[in-house]
Amino acid sequence: MATNRNSTQYANIHVNKYVTDARDLRGRAVPIPFIHTVVSGETGGASAGVQDTVNLCVIPANCKVVALDFVSNDVWASAGVNGTLEIGDSGDTDRYMVATELYSANSPIATQGDLRAGQLAFAGQNYEPTSDTIVIGTYKVANPVVGKIFKGVLWVIPGV
Amino acid sequence: MTVRNAASMPVSSTDWTHRGFSGHQDMTDWFDVMANRTAIVCGNGAGVWDEYSRACSTVLNPVVVAVNDIGMYLPKVDHWVSLHADAFPSWRSVRDMQERAPEQARLHSGTPRGFLDAWWDRLTPQFPLSGYFAMQLCWIMGAERIILCGCPGDASPLWYGPRTRGPFDYGSNNLQGMVVQEMEKRPEFKRAVCSMSGWTQSYFGGL
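First to last, the protein sequences are chains A and B.
Just so you know, the first sequence maps onto residues 23 to 182 in the numbering used here.
Just so you know, the second sequence maps onto residues 812 to 1018 in the numbering used here.
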């Protein structure tokens, strides 16, 4: 016979009736937008020493990260090599978006197999930093094209 | 590797704010060093020599700001700005080989290098081309008026070659769009700038 089990969240809220805060139930998501235009001289290479980074925005302490919307306009369009961008923080450089190719208009797109738009990486979903955390973009593999733009929104639920 | 700040980074995370921009490190000694002065910013656009000559004929005792390669050959350079700091030693050695009166051109970049006079750490937001970056630094350093020469902001040829540098995306949704977006937030900065040619002349106005 099939078994039905409760998730941790379901058990805490609906079975054990624990006291909850906004991050558990009935919280409001707050958008934290970010945008960056690629600056002349920015580099992306094979190793960390030649991978420039961009501070994108700050997640306030104790907020729960619940979603990421991300789009770019062909950041590696004419570089001849498909570089990648990952988004994370000082503790995990791809916590929110794993290395993703951005070589089509409005990328990443569904046909690329690297789709991450609208969904966080596993490590970032429901992540709750305990101190203010700078969100960092890292260029990998190849230099991005000057003037291209990537932008998006991190959605968080403020905590206690 | 270099760390930069996106335009979306909050001002509260930076060390200083001045004339609508923010950044890290103590840069207060640089603020207002061009106060009440006119800065002539010379970039690599094909018309730079003629434009520089015409600008000099209208301004008494300007501050001359070289951008990238042109700094090797300008008769006078007060400040030398580039987003490609690693090229400065080569450019400077070429300039030093020429006979001219002693001078002290101050070197500026957004990339940390020991030979720089000013490292503009995590300038927020940072304009994306060296010419725009120089224009931005002139404003932060207090310039009253900024004249762009050889900074067309489009795919015009270079003064030393038939083609522009690339790959750059100048389009209205990219480099030009970023300039417009940031200038709309700082109208007093936009009013201080004029340009001698190209898209920047159509946007900022001429001399």
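Simulated from the structure, these hints should not be mistaken for lab results.
Cβ coordinates follow ideal geometry from the N, Cα and C atoms, glycine included.
Check the hints yourself; a few may be wrong.
Said to hold, decoys possible - What the simulated footprint calls covered on chain A by chain B, stretch by stretch (three residues with Cβ under 8 angstroms from a Cβ of chain B suffice, anywhere in the stretch; the number is not a length):
1) 56-68
2) 72-81
3) 161-170
Unchecked claim - Listed next, the in silico DSSO-like pairs over lysine-lysine satisfying Cα-Cα at most 30 angstroms (straight line):
4) K1001/B <-> K173/A
5) K173/A <-> K996/B
6) K162/A <-> K173/A
7) K887/B <-> K1001/B
These are the hints, each one checked on the structure:
Counting residues of the stretch 56-68 of chain A whose CB lies closer than 8 angstroms to any CB of chain B gives 10, so the stated coverage by that chain holds, three being the minimum. With 9 residues having a Cβ less than 8 angstroms from any Cβ of chain B, the stretch 72-81 of chain A passes the three-residue criterion, so the hint holds. For the stretch 161-170 of chain A, the stated coverage by chain B is satisfied: 4 residues place a CB nearer than 8 angstroms to a CB of that chain, which reaches the threshold of 3. Note on K1001/B and K173/A: the hinted pairing holds, with a Cα-Cα distance of about 25 angstroms set against a maximum of 30 angstroms.
Under the criterion of a C-alpha separation no larger than 30 angstroms, the hint pairing K173/A with K996/B is consistent with the structure, at around 19 angstroms. In summary, the hint linking K162/A to K173/A is supported, as the alpha carbons are separated by about 17 angstroms, within the 30 angstroms threshold. Taking the CA atoms of K887/B and K1001/B, the gap is about 26 angstroms. The hint holds against a cut of 30 angstroms.
Going down the numbered hints, you'll see the structure goes against none, and every one checks out.
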